[in-house]
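The primary structure of each chain is shown beneath.
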Amino acid sequence: MTAVANLGRPTRPEAVESSPGAHPGRGLLQHEPLIFELGGWDKTGVDFPEDHLGPDLDASDLAGLTAATPVRLPGLSEPETLRHYVRLSQQNHAIDLALYPLGSCTMKHNPRLGEKLARLAGFGDIHPLQPVSTVQGAIALMDQLAHWLKALTGMPAVALSPKAGAHGELCGLLAIRAAHEARGDARKTVLAPTSAHGTNPATASLAGYQVVEIGQTADGHVDLADLAEKLHPDVAAVMVTNPNTCGLFERDVIEIARLTHAAGAYFYCDGANFNAIVGRVRPGDLGVDAMHINLHKTFSTPHGGGGPGAGPVVLSAALAPFAPTPWITHGEAGFEFIEHGGGEAAATLGRLCAFHGQMGMYVRALAYMMSHGSDGLRQVAEDAVLNANYIKARLAGAMTAAYPDGPCMHEALFDDAWLEGTGITTLDFAKAMIDVGFHPMTMYFPLVVHGAMLIEPTETEPKRELDRFCDALLELAAAANAGDVERFKGAPFHAPLRRLDETLAARKPRLRWTEGGGG
Amino acid sequence: MRYLPLTDADRSSMLAVIGAKTIDDLFVDVPAAARLSGLVDLPRHAGELAVERELGALAAMNRTAGAGSFFCGAGAYRHHVPASVDHLIQRSEFLTSYTPYQPEIAQGTLQVLFEFQTQVAALTGLPVANASMYDGSTACAEAVMMAARVTRRRKAVLSGGLHPHYAQAAHTLAHSAGVETHRLAAAVDAEHAVVEAIDSDTACVVVQSPNVFGAVTDLTAIGEAAHAAGALLVVVTTEAVSFGLLKSPGDMCADIAVAEGQSIGNALSFGGPYVGLFACREALARQMPGRLCGETVDAAGRRGFVLTLSTREQHIRRDKATSNICTNSGLCALAFSIHMSLLGGTGLKALAELNHARARALKAALAAVPGVEILTPRFFNEFAIRLPRDAAPVVEAMTRRDILAGVPFSRLDPGAGMDDVLLVCATETTTPEDIAAFADALAQEIAQGIAP
Amino acid sequence: MRFSKDHEWVDLTGDTAAVGITAYAAEQLGDVVFVELPAAGKAVKAGEALAVVESVKAASDVFAPVSGEVVEANGALTDNPETVNDQPEAAGWFVKIKLADPAEMDALMDRGAYEAYLATL
Numbered sequence: 001m002t003a004v005a006n007l008g009r010p011t012r013p014e015a016v017e018s019s020p021g022a023h024p025g026r027g028l029l030q031h032e033p034l035i036f037e038l039g040g041w042d043k044t045g046v047d048f049p050e051d052h053l054g055p056d057l058d059a060s061d062l063a064g065l066t067a068a069t070p071v072r073l074p075g076l077s078e079p080e081t082l083r084h085y086v087r088l089s090q091q092n093h094a095i096d097l098a099l100y101p102l103g104s105c106t107m108k109h110n111p112r113l114g115e116k117l118a119r120l121a122g123f124g125d126i127h128p129l130q131p132v133s134t135v136q137g138a139i140a141l142m143d144q145l146a147h148w149l150k151a152l153t154g155m156p157a158v159a160l161s162p163k164a165g166a167h168g169e170l171c172g173l174l175a176i177r178a179a180h181e182a183r184g185d186a187r188k189t190v191l192a193p194t195s196a197h198g199t200n201p202a203t204a205s206l207a208g209y210q211v212v213e214i215g216q217t218a219d220g221h222v223d224l225a226d227l228a229e230k231l232h233p234d235v236a237a238v239m240v241t242n243p244n245t246c247g248l249f250e251r252d253v254i255e256i257a258r259l260t261h262a263a264g265a266y267f268y269c270d271g272a273n274f275n276a277i278v279g280r281v282r283p284g285d286l287g288v289d290a291m292h293i294n295l296h297k298t299f300s301t302p303h304g305g306g307g308p309g310a311g312p313v314v315l316s317a318a319l320a321p322f323a324p325t326p327w328i329t330h331g332e333a334g335f336e337f338i339e340h341g342g343g344e345a346a347a348t349l350g351r352l353c354a355f356h357g358q359m360g361m362y363v364r365a366l367a368y369m370m371s372h373g374s375d376g377l378r379q380v381a382e383d384a385v386l387n388a389n390y391i392k393a394r395l396a397g398a399m400t401a402a403y404p405d406g407p408c409m410h411e412a413l414f415d416d417a418w419l420e421g422t423g424i425t426t427l428d429f430a431k432a433m434i435d436v437g438f439h440p441m442t443m444y445f446p447l448v449v450h451g452a453m454l455i456e457p458t459e460t461e462p463k464r465e466l467d468r469f470c471d472a473l474l475e476l477a478a479a480a481n482a483g484d485v486e487r488f489k490g491a492p493f494h495a496p497l498r499r500l501d502e503t504l505a506a507r508k509p510r511l512r513w514t515e516g517g518g519g
Numbered sequence: 001m002r003y004l005p006l007t008d009a010d011r012s013s014m015l016a017v018i019g020a021k022t023i024d025d026l027f028v029d030v031p032a033a034a035r036l037s038g039l040v041d042l043p044r045h046a047g048e049l050a051v052e053r054e055l056g057a058l059a060a061m062n063r064t065a066g067a068g069s070f071f072c073g074a075g076a077y078r079h080h081v082p083a084s085v086d087h088l089i090q091r092s093e094f095l096t097s098y099t100p101y102q103p104e105i106a107q108g109t110l111q112v113l114f115e116f117q118t119q120v121a122a123l124t125g126l127p128v129a130n131a132s133m134y135d136g137s138t139a140c141a142e143a144v145m146m147a148a149r150v151t152r153r154r155k156a157v158l159s160g161g162l163h164p165h166y167a168q169a170a171h172t173l174a175h176s177a178g179v180e181t182h183r184l185a186a187a188v189d190a191e192h193a194v195v196e197a198i199d200s201d202t203a204c205v206v207v208q209s210p211n212v213f214g215a216v217t218d219l220t221a222i223g224e225a226a227h228a229a230g231a232l233l234v235v236v237t238t239e240a241v242s243f244g245l246l247k248s249p250g251d252m253c254a255d256i257a258v259a260e261g262q263s264i265g266n267a268l269s270f271g272g273p274y275v276g277l278f279a280c281r282e283a284l285a286r287q288m289p290g291r292l293c294g295e296t297v298d299a300a301g302r303r304g305f306v307l308t309l310s311t312r313e314q315h316i317r318r319d320k321a322t323s324n325i326c327t328n329s330g331l332c333a334l335a336f337s338i339h340m341s342l343l344g345g346t347g348l349k350a351l352a353e354l355n356h357a358r359a360r361a362l363k364a365a366l367a368a369v370p371g372v373e374i375l376t377p378r379f380f381n382e383f384a385i386r387l388p389r390d391a392a393p394v395v396e397a398m399t400r401r402d403i404l405a406g407v408p409f410s411r412l413d414p415g416a417g418m419d420d421v422l423l424v425c426a427t428e429t430t431t432p433e434d435i436a437a438f439a440d441a442l443a444q445e446i447a448q449g450i451a452p
Numbered sequence: 001m002r003f004s005k006d007h008e009w010v011d012l013t014g015d016t017a018a019v020g021i022t023a024y025a026a027e028q029l030g031d032v033v034f035v036e037l038p039a040a041g042k043a044v045k046a047g048e049a050l051a052v053v054e055s056v057k058a059a060s061d062v063f064a065p066v067s068g069e070v071v072e073a074n075g076a077l078t079d080n081p082e083t084v085n086d087q088p089e090a091a092g093w094f095v096k097i098k099l100a101d102p103a104e105m106d107a108l109m110d111r112g113a114y115e116a117y118l119a120t121l
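Residue numbers (my numbering), protein chains in the order written: chain A, 1 to 519; chain B, 1 to 452; chain C, 1 to 121.
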């Protein structure tokens, strides 16, 4: 069996107490059932125009094609709807509540100006297929965003359409594949470090490549010798995250690029950690051929509980001809889209998705960029790196940094060596953080570090909040070392729920509500 | 700078704690050749007022759907979204929260996803739905990949009635993974040609109803033919409101149903962000891409929800994952779910009937315009018409009459030889005045064009 | 019973061997939630991927410790994957393989050697 780095940490609570009654409420927190448990089966909270009741509502022309009964879903009045969702919202942690230390996620403040501007009718109420003459301002905005992305990365071209970071990775790899095929040199392998985010090998596989792993040095960097040895003529691309998932800048990145190009391969950079270097380093200067940028990370489009994201990909001159459609061009009649291959876009890899991309996120990202400007963006990277190093310095005495020598970039990585002998795991420590008001940091990633704890504060944290966070962790660390095991094993005690049974959820999946229970 | 809380005093004292002299000391690993000494050549920071003015000016240049007559559909639809939807999705705890990896402090998000999955399952008529995909087109592409995995076959037949953007997205994804997509010729009644194209290499047939020309078809016979050949039926829906009136994909033998959810809860927004719906039969659940939320209990026996069946996904399976997906369309799925909670099944049906009624009124008005031929016999809220000349210049001319007259099919598929076909759509937001103005203006445009 | 370095066990009866994962492996994995087994009739070679065993947080490939033909897969694991945790070296067997080359058994460790090997990990 392939080795498992003890990822089999407990996925269910040790004991389940007998079921208490559900609290109707507790302090400010309300208990809220599912909408399917509120009645409302024949109710609706939307009023329709009077002619809804008229004779024109004849669907007999669709006889045989219509559903026999309406879809069986409940409707709620507006007051009930508001209550339902406001109560649910109270059960979420969020950036707006406290420092949200998820490493590699860049949980920075989301400017509300972006929300206001994205909702202007001129951006929100336009159809993607209206004649381009009627949406010149929208395309101009996309063009402006493209300009900022190219200038910040030092790259000549950008594909805006990918809908998420992983989608951008796919875009980059497909462009690389197209470039090789155009040379009549189709290759079969992609190299990625062992510390890579799971999307890297998953994307390479999706793009039709075999993945070979590159080793890591003891100090958390790509092993150049291992890379050089594995770079043979069958390698299509090398995928490297820089700064890497250990929170370190790959100091040999220029050599990595040189070796990659010498082997006839392309250098794909995972730009998830761009927040550490924006305005101070341009990936184009490092020899990168393609890099996706997570607009929902560095450029602060809201995480929204898991999405939507946006993952535009900056491209080198070598890969630009293969960019997916649509392309933006500017001619006598103003801005145009090239939406089909042929002409200028003869070599395009094709279309990745319908329409033009995540316009709502472009508005927010551009508003963010313009607000910060080139000076503000450089300050973003500096403050992000400063904040992470400050946390690393304050916690260094109590917790073991995975790479203690030298500074980190925008995130600080710890392992669980300091917990040895306490009987407390990274998981337990994380759950105890909830009891002191903080969302846990990223745990057990990257896989190359045992019991990893990855902390990324971002630049939007005031010093006061950083100190509050560090004080809380130091207190917890002291408690762990003092042997207060119960505080950790039973945590969280102050959350609405405690230690959910993930084993049960996977063994007996119930993926929707059904009458009488069971899914 | 209003988004950066650190003061210079903070920075100095923090550097002292770290033991570094300057911030540059923390960037020591960056090769000297790559360090930018000055600022990138872009404008410096700007206040809110300045940014509002500049982007507001760009917004003002665009002719909005609400500013006048509007008849565009073809994969994105203008519906009225109740005010409370947009208000609720801006609550901090929804807007600024992350993927619910720590379920104890994310039950808000998780319960919403469970409700969303239940709603999508009910709408599609299939028991297992995921927590959303990026959009309908990528959901369609992923469905093709899933069918290839399940059947271990390498060919997908795409109906000629499938939205061309969806066909292209499916081709782009499938091609690199070694799955061949075979797209049939575009036609208003394209569904007739699907059955003949099925053979023993076919992993799935992908059929859309209502199709891109608005045509509604009972796909049951196609599903039966696919199953007889060991292939799966993938049903695509681009107008989610149609679920309120038409037979569900599940009732028409679908194995996988994918849809664009934008119509419910989400603005047109020039094409994104949208929300992909994805549902399938029970037996196929473990092959499904994307996130899944499941019910469970906690240590105190209380009901709760968690992300589950994660071993399919990239962060665990890595190169053997069902896909590479890391995000869903969280906030857009929330908006969908809130709007759907307000509508309920009865409200959705009323909305759908109203849409259909407005489209019938549009059809009646356009059928009376000399030179216009109605091509789609049975439709939901959009249909195709044939004009006496190319549709794109007519649509352009209509913009000068302040009418957004629909989508020329040539915009989606210039090679189909259907340059004279126009796709028009009416929803509950379309008024009788809009329709009258459209018919009038179109009559004049056509008359002007027929110059001896 | 004999053991591989990858923590699979083989229990030979006549020319057919039951194959599963060891108690050590099951512990490493944590709660097993799903097992993906090959169909009867499938030919396998020693060292090739045979099955996939999933816990909540991990999915591991199980390798065939011996070559041969799968004659039976343990259907009981579909509804009760927890059997792999409860009785990994008995009722939690994955497949029964008809051996192509009984000599391959000699390359595997006996229990004593396996336990000594575990101590080195």
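Treat the hints loosely; a few may be bogus.
Residues of chain A clear of chain B, computed beta-carbon distances all greater than 12 angstroms [as the list claims (entries may be wrong)]: (1) 184; (2) 234; (3) 339.
Derived DSS-like pairs (lysine-lysine); straight-line CA-CA distance at most 30 angstroms [claimed, not checked]: (4) 230/A x 45/C; (5) 42/C x 98/C; (6) 230/A x 42/C.
Hints listed in this document are in silico derivations from the structure and should not be mistaken for laboratory results. Cβ atoms here follow ideal geometry from the backbone N, Cα and C, with glycine treated the same way.
Fill in: Those earlier numbered hints the structure runs against, lowest number first
3 and 6
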